Amino acid sequence: MTELLVILSASYFLYKRELRCLRFFQQHEYNAKRYIAWIVEQRAFDTRGSFAAIASAIFPSLSIVSSIILIYLATQEEDPRKSGKIKLKMTERACRIFRASCTLSLFALILTQISPVSWWLLIALFQSAFLIIPFANFILQRGEGKRQKQFLAEAKAILAKADPYVIGITGSYGKSSTKDALGQILQITLGPTFWPAKGVNTPMGITQEIRTHLKQGYKYAVIEMGAYQRGSIKRLCELTPPHAAIITAVGIAHLERFGSPENIYLGKSELAQSVPDNGLLVCNGDDVGARRMAREHAKNTTLLYGFDNSQNDLACYVSSFKVTMEGTLFTLHWKGMRLDGKTPLIGKAALSNILGAFTLACELGAEPEYVLAIISNLEPVNNRLQLDVDGKITYLRDAYNSNPVGFATALDVMKELPGQRRILMTPGFIELGPKQYEENERIGKMAASFCDLAIVVGTYNREALQVGLQKGGLAQEKVLLVDDRTKALATLSNIRQDGDIILIENDLPDLFEANVKF
Amino acid sequence: MSNSKEKVRLAVMFGGRSAEHEISIITALQAISAIDTLRYSVIPIYIASDGVWYTGDVLLEKSYYKGLPASKSTAQRVAFLSDPTVCGIVPVSTDGTLDLKKAIPIDVYFLAFHGQYGEDGCLQGMLEMANCAYTGCDVTSSAMAMNKYDCKMYLKAHGIPVLPAVEISKKSAMRGLKAVQEEILGTKGLDTFPLFVKPCHLGSSVGISIANTLTELNSSLAKTFIYDDKAIVEPCVTNLLEINVSVLDGDPPTASVVEIPVASKKALTYEDKYLRGGSKKTGERTEGMASLSRIINPQDLDPKIKEMVQSYALKAYLLLGCSGVGRFDFMYDLAKSELYFNELNPIPGSLSFYLWAKSEPQLLYTNMIDSMVERAISRRVERLTLKRDIGFKALLLSN
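One line per chain: the protein sequences are S and A, in this order.
Going by the working numbering, the first sequence runs without a break in its numbering and finishes at 632.
Going by the working numbering, the second sequence runs without a break in its numbering and finishes at 398.
Treat the hints with care, as some may be off.
[As the list claims (entries may be wrong)] Only pairs whose alpha carbons sit at most 30 angstroms apart, straight line, appear in this in silico DSSO-like list of lysine-lysine:
(1) A:Lys177 with S:Lys449
(2) S:Lys203 with S:Lys348
(3) A:Lys303 with A:Lys314
(4) S:Lys456 with S:Lys333
(5) S:Lys312 with A:Lys65
(6) A:Lys61 with S:Lys333
(7) S:Lys203 with S:Lys329
(8) A:Lys71 with S:Lys201
(9) S:Lys529 with S:Lys201
(10) S:Lys329 with A:Lys61
(11) S:Lys312 with S:Lys329
(12) S:Lys631 with S:Lys130
(13) S:Lys312 with A:Lys305
(14) S:Lys529 with S:Lys203
(15) S:Lys333 with A:Lys229
(16) S:Lys601 with S:Lys312
(17) S:Lys312 with S:Lys549
(18) S:Lys329 with A:Lys169
(19) A:Lys170 with S:Lys203
(20) S:Lys549 with S:Lys147
(21) S:Lys270 with S:Lys348
(22) S:Lys312 with A:Lys303
(23) A:Lys61 with S:Lys203
(24) A:Lys177 with S:Lys456
(25) S:Lys449 with S:Lys559
(26) S:Lys529 with S:Lys506
(27) S:Lys449 with A:Lys170
(28) A:Lys357 with S:Lys196
(29) S:Lys456 with A:Lys169
(30) A:Lys229 with S:Lys312
(31) S:Lys333 with A:Lys177
(32) A:Lys314 with A:Lys187
(33) A:Lys305 with A:Lys61
(34) A:Lys155 with A:Lys61
(35) A:Lys170 with S:Lys456
[Claimed, not checked] Residues from chain S shown here face chain A by an in silico Cβ test under 8 angstroms; the list is partial:
(36) Thr303
(37) Leu304
(38) Asn392
(39) Leu478
(40) Glu481
Hints were generated in silico from the structure; no laboratory data involved.
Everything numeric in this text was worked out from a predicted model, so none of it was measured.
Where is the CB? At the ideal position from N, CA and C, for every residue including glycine.
Can you make the complete structure from the sequences, with help from the hints?
Below, the structure is given as structure tokens:
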């Protein structure tokens, strides 16, 4: 009877616990190695369950009490589907993993109850609970691989049948915004265009979008291609062979996973290589890496775009621009034409993405004036350097996955806008490998030159940012250190006042700032 | 009406694949609460935004829609077949099969959609194929109403005043903006800015903008073509009063009292400045669509204007061959003292019941629904009794 109660309470506890683990596993893109490394680094091992079990392990007569405590603790575990910045999405895959891990947990629980030292074994089980999710995933992998192959083949067949003109876009940053702009431009000026939803840039994500949305009759397809290691773009190009490509930048994002800046360059080059010789290659002329790619993988038509036309080789360039509260005004030059335009999007980085889309669309035959008309209607993507005015306080939200160039742009815009105090709230950047510290310190220093207050979120980059801010001249009492985003927002609401310009830069996945306890 | 002892199985249909999906849910739930349950048994049919059909009593609760998409599975998925011998909806089993023996019989489909794929003749066509009785306008009148340009030009040809307008297709803009600009500015009455650009088929205010310059005109067209493949361009009347009226089927059809919808913050301006007669007394108000406040049967509006609105609406109703309840929206240019027909809503928000409740004689929502259902049943029979089967002749002769 007691065994039954123990099994019931412990399985309820593990049910809630596995759900939480699944969320972090999902945020690590179902990568067991990275997920386990993260748990170990965070020392996010079980304390609560083991605490409840230890009493009964020593005094087995307390089993019922421990069971009740376990039930109570289970009710206190947060529901990751409802809480947290990035919630657990119960996709079909997540459901399959969760079901398998529940089955595994129950099986392990029953085994512990057969043993005479059942509570000691339970402690061991709680301690290793975080491994059950990746283990379940490992078991399912074989089926998963087969299913994925089938979906990929289906998507390929759909694409082959529709046969649109495919444009691949990659870059360390700006690719998603460039894709959105280009998709809208082509759709209105040249014909039905397919482009996957915001941020979808992996083989399975694109496969899913193709299977649900791509139909015969689409004339163009704009595909954002994400690169996390060498070969990822090559794989994507096999799925959606490109006729043309845009390279927005070759930076140092995901440096940790790539290993070296040269590997990043080579990884991104896979897109340019996949474009046939008679195809079209459009590269950001302001970016050294993108320029090099234009040189090393030149096609029949290779065009550069950007701001700096000192070498007189940009096919499309902006000679002047101005950020206002309503958006960005600019003058661009294309094939001997001088055109004035405006866009609700804010800042130089957004304008650079627009230039890439403009260049490619016009080269494909779109009317430049019409393209500018569409650009004047582009809607800011949520949290990508979005400007909101709340009473007399101006918010600049640049919460999406930040990078050194985007951060600098956001700081530039903040500096230019009319206001009194300038407040920066940020956890810094991540995944920059050996450059992590250096880059965060550098950006802190840059911000300090005109910011009046800084709120440093989390501990991940705390030291680097703090040092940078102080080197830049911001007094120690003007740098506020907070543990997490919730506390940062609370601090912000206490200190803000009319006339403030507040930049919220980079909202990291929970993995990098939350203090996770199990 | 059918057998008085047996209830009419009334399927209330709503949701659908349009921008006004949510408003449709509100209209439907409102109508359901007004339906006489002694006469009808209500079967809700909800078309989700992805186009999948559902039925079940859970659809009567607001919580179902708040809980979407998780709550989806609590309703029964159904399919509609255009086969006239079924004339009902068929549950879709979990393994995806249909069993015609399990079909849920339906006598009348009560349509509470707004916007495309529900109010524009598409669904009506589907119901016609299956020989079903349904409320409201038929295929032709729905389709005419949903193309703002065609509707205006048709009524204009029959002597109903409308603003000058031009229709621009997405395709012609793709071919070149210059020609499009020339076409717009070359149209009589559209030669000066500001111009009003809106999607030709959409009911809500999505995709609408005002252009003051050529550059802005390009921008306005580009904005409209995000939502629609046709844009309608009109002069922008700056000093205007909107006046709406509802018309209901009957022999002959009748017009309700008129209403003046006003954006809440402008309400005072309109009342003080523009209402005729000089008296400070404001009209009556009612709870209509949440975002709008409206003045129903404004006491200070010139009775001649009211009469004009009502008679143009009745004329347009007959010209377009409407059925059921429709709402006709007019614009009154205060500077020129001229009235123009603007658009027809074949399925108006809240079915305009609030106008009928204030009309003389008063018509309550419950009775209005009765009248719409009766008309649906009689229209179906009228069509069924038309002789269609004239046998095989050509084939027999060729033998």
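Sort out whether Lys303 (chain A) lies within 30 angstroms of Lys312 (chain S), counting only the CA atoms. 55 angstroms, violated
Any CB of chain A closer than 8 angstroms to the CB of Asn392 (chain S)? 25 angstroms, violated
Are Leu478 (chain S) and chain A close enough, Cβ to Cβ, to be under 8 angstroms, as the hint says? Given a least distance of 12 angstroms, the restraint on Leu478 (chain S) is violated.
Given the hint that Lys177 (chain A) pairs with Lys456 (chain S), test it: the Cα-Cα distance must not exceed 30 angstroms. Measuring from Cα to Cα gives roughly 20 angstroms; hence the hint holds.
Is Lys601 (chain S) within 30 angstroms of Lys312 (chain S), Cα to Cα? 29 angstroms, holds
Straight-line alpha-carbon gap Lys312 (chain S) to Lys65 (chain A), limit 30 angstroms: Roughly 24 angstroms separates the two Cα atoms, so the pair holds.
Has the given pair, Lys314 (chain A) with Lys187 (chain A), been kept, meaning a C-alpha gap of at most 30 angstroms? 26 angstroms, holds
Given the hinted pair Lys312 (chain S) and Lys549 (chain S), is their Cα-Cα distance within 30 angstroms? 28 angstroms, holds
Given the hinted pair Lys529 (chain S) and Lys201 (chain S), is their Cα-Cα distance within 30 angstroms? It is violated: about 34 angstroms lies between the C-alpha atoms, which goes past 30 angstroms.
Please work out if Lys177 (chain A) and Lys449 (chain S) have their alpha carbons no farther apart than 30 angstroms. 19 angstroms, holds
Proposed proximity, Lys170 (chain A) with Lys449 (chain S) (alpha carbon, max 30 angstroms): 25 angstroms, holds
Lys270 (chain S) and Lys348 (chain S) were given as a pair; does the straight-line alpha-carbon distance stay at or below 30 angstroms? 15 angstroms, holds
Hint check: violations occur at hints 6, 9, 10, 13, 14, 19, 22, 25, 28, 33, 34, 38 and 39; the rest are consistent with the structure.
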